[in-house]
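Chemist: Chain by chain, the residues run as shown.
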Amino acid sequence: MLRRVLAAGVLTAALAGCGGRVASPPPPQAFSARTPLSDRSGRVTAAAFARPIAAYRRHVRRALTAMLGELARLRAAAGDGDLPAARAAWLRADARYEAIGAAYGAFGDLDSAINATPGATGRLVGLHRVELALFGRRSTRDAQAPAARLSRDVRRLRDRAGRVTIEPLDYALRAHEVLEDALHLQLSGQASPWSSSALNALTANVAGTRVVLRTLSPMIRQRDPLVLAEAERSLTRLERSVTPVRRARWDRLSQRRREAIAGAAAAAAERLAYVPELIDPRPPLPLKRAVTG
Amino acid sequence: MRRRDLLATAGAALGAGAVAGYGTAAGTGLPAGAAATADALGRRVAVEGVHQAGVLTPRPRQALFAAFDAIAPSRAELAEALRALSERARRLTAEHVALLGAPGEGPTPDTGVLGPRVPPDALTVTIGLGASLFDGRYGLTGRRPAGLKAMPAFPDDQLVGAETHGDLLVQLCAGTQETLLNALRDLMRATRGSLAVRWKIEGFLPAEREPGAGRNLLGFKDGTANPSTADAALMDRLLWTRGRGTFAAVRIIRNRVEFWDRVARSEQELMIGRDKATGAKLAALPADAHIRLARPRTHGTQGQRILRRGYNYSRGIDEAGQLDMGLVFVAFCRSLEHQFEPIQRRLAGEGLADYVKPTGGGYFYLPPGARGGDDWVGSALLS
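Chains G and R, in that order, are what the protein sequence lines are. Under my numbering, the first residue of the first sequence is numbered 1, with each subsequent residue one higher. Under my numbering, the first residue of the second sequence is numbered 1, with each subsequent residue one higher.
If you are wondering where the hints come from, they were derived from the structure by calculation, not from laboratory data. One or more of the hints may lead you astray.
[What the hints assert, rightly or not] Take a look, some chain R residues computed to stay more than 12 Å from chain G by CB distance: (1) R198; (2) D275; (3) T301.
[What the hints assert, rightly or not] Cβ pair distances, simulated, as ranges: (4) G:L169 x R:G372: 44 to 52 Å; (5) G:R155 x R:G139: 53 to 61 Å; (6) G:L169 x R:N226: 52 to 60 Å; (7) R:G136 x G:D251: 22 to 30 Å; (8) G:G189 x R:P286: 42 to 50 Å.
From the three backbone atoms N, C-alpha and C, an ideal C-beta is built for every residue, glycine too.
For reference, chain G alone in the conformation it holds in the complex (with noise of 0.2 Å):
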């Protein structure tokens, strides 16, 4: 144990030696040989997430301008009665969305209105509304009705997405929460029943992980850059197992297929974990790792 913890020490001053970019990947590590915190790395602040999360509001804003654009598409080709270019459309518009899991919990009741989860309670509306329409029941005009509802609360979300609030922990924490919701919605088959389109919403999600964490990742680098670097690694390996196949339907996908994907997905937010542990900006708790009696 000792052993592996120092030449994870060397491997450190080695990443930290070279401003953190890594040249070829670390070495695989179980998880329970990890890195000490070094001494210099200092308590993380809240105000330090002033910037990151001012750049990830501004990343929402855009991605959801993007949105009406896709969803004033999709409306277009409803009313032509275009199904191919509607659920086009409708996949672009979900991508979107998938692509700011990182403030979900900031957008309140309109979160559920554009996103609810099939077999959630209440009435369906929103985005899997539109997707019930248009690939379960193969309808353009069932879509439209809600297709249109779904654009003016898309807008009134955009008009406010530069003041919504995000709290430092919770960005922190969503690092690896955006992956962990698509484990268990998206890669179970329940968020998109009709148009099976996991693997639209997995490449978003790994798009948003990855602006969250580079936003984060000075803070990271100058306390751990071997996690950064792990974290990096595994989303890299993530996006090469999903974009060849993002167009695919999930449920048609050999078994080994899903394994494999689902496994680096699993393996990714195994690693992102690390991230809120290290920059945990409430102050520090003391420690209760004895065992005593």
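Keeping the supplied structure of chain G fixed, place chain R upon it in accordance with the hints.
Modeler: Below, chain R without anything else, positioned relative to chain G:
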């Protein structure tokens, strides 16, 4: 707190019924159930050995079988995952202190399911390799153990792809279910990016409520005629390969219990070949009775004997509201082709086949045990 106190406390907390059948409490001064539980929780099955544990070792009450597919990006990472399995198994099978960890070691070092001090609870970790691991992906084609192949579908099988085969098998056995679940979560976490779980099934043994073999879920005594694991020469002949490994045939065999419960007892006994109450072999044993087909006791079939080490299972219902329960059949042998398969061929078309439906499982090669220190199961094949 001393270990004995701890174990007794843990036993009391677990409840008396949890490990009934594990020895007696005579003279301990503890409530019978608590002492039995404490004894069982303290039992240790070492990982190291010439052969892997979980073959000859007595069956603990609970078992879990999980098949994995390799998703490691490289051979080195696959080997690292195999090494991690043995390393974690070493820790998990010994009494240890959990929930410790320095800052920076990750969000949570242990599941916590077993509390801060973890007794061994007879946890046994057994690792098997499937033929598919030796396809081209990791350059292991030339290293496939002779005699290892994918399990074929036998004539009465209704195999479901999602619970059949696998690159790797982990068999976990322990006194209690929570020990199994803690071990599974720990092993999966340590190998997250390299091994994806393909299927999983949990099994249990019946409590010792009468002398002799326990009963399967058809209500018959099962497993009475195993070869003696104490006979080393016999085990060398029937089980161990020259490389000190062995082969496992794992079969998830669903019992159509509602249908079975509508069959006259006399019909059931003729199909099985035993008296349902006593387990005694029928005096007039039909030629097509299950136990005669499985083991004819002829000179020519003596070398076909296998070591069975199965568990009952129960897991939910199907779409018709029928109970999904049956047997996780596990057999170890030196040669699948010359021992297990001839038995299966004899059973083809037996009367019992209407009531027992194999739905999954696979063939796996169990490499020899880890030799201690830094060695790991599978090291000779993968390093």
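Chemist: Please go over all the hints and tell whether each is borne out by the structure.
Modeler: Quick rundown of the hints versus the structure:
no.	hint	result
1	R198	violated (7 Å)
2	D275	holds (44 Å)
3	T301	holds (37 Å)
4	G:L169 x R:G372: 44 to 52 Å	holds (45 Å)
5	G:R155 x R:G139: 53 to 61 Å	holds (55 Å)
6	G:L169 x R:N226: 52 to 60 Å	holds (57 Å)
7	R:G136 x G:D251: 22 to 30 Å	holds (28 Å)
8	G:G189 x R:P286: 42 to 50 Å	holds (48 Å)
This entry does not satisfy hint 1, going by the numbered hints stated previously; all others are met.
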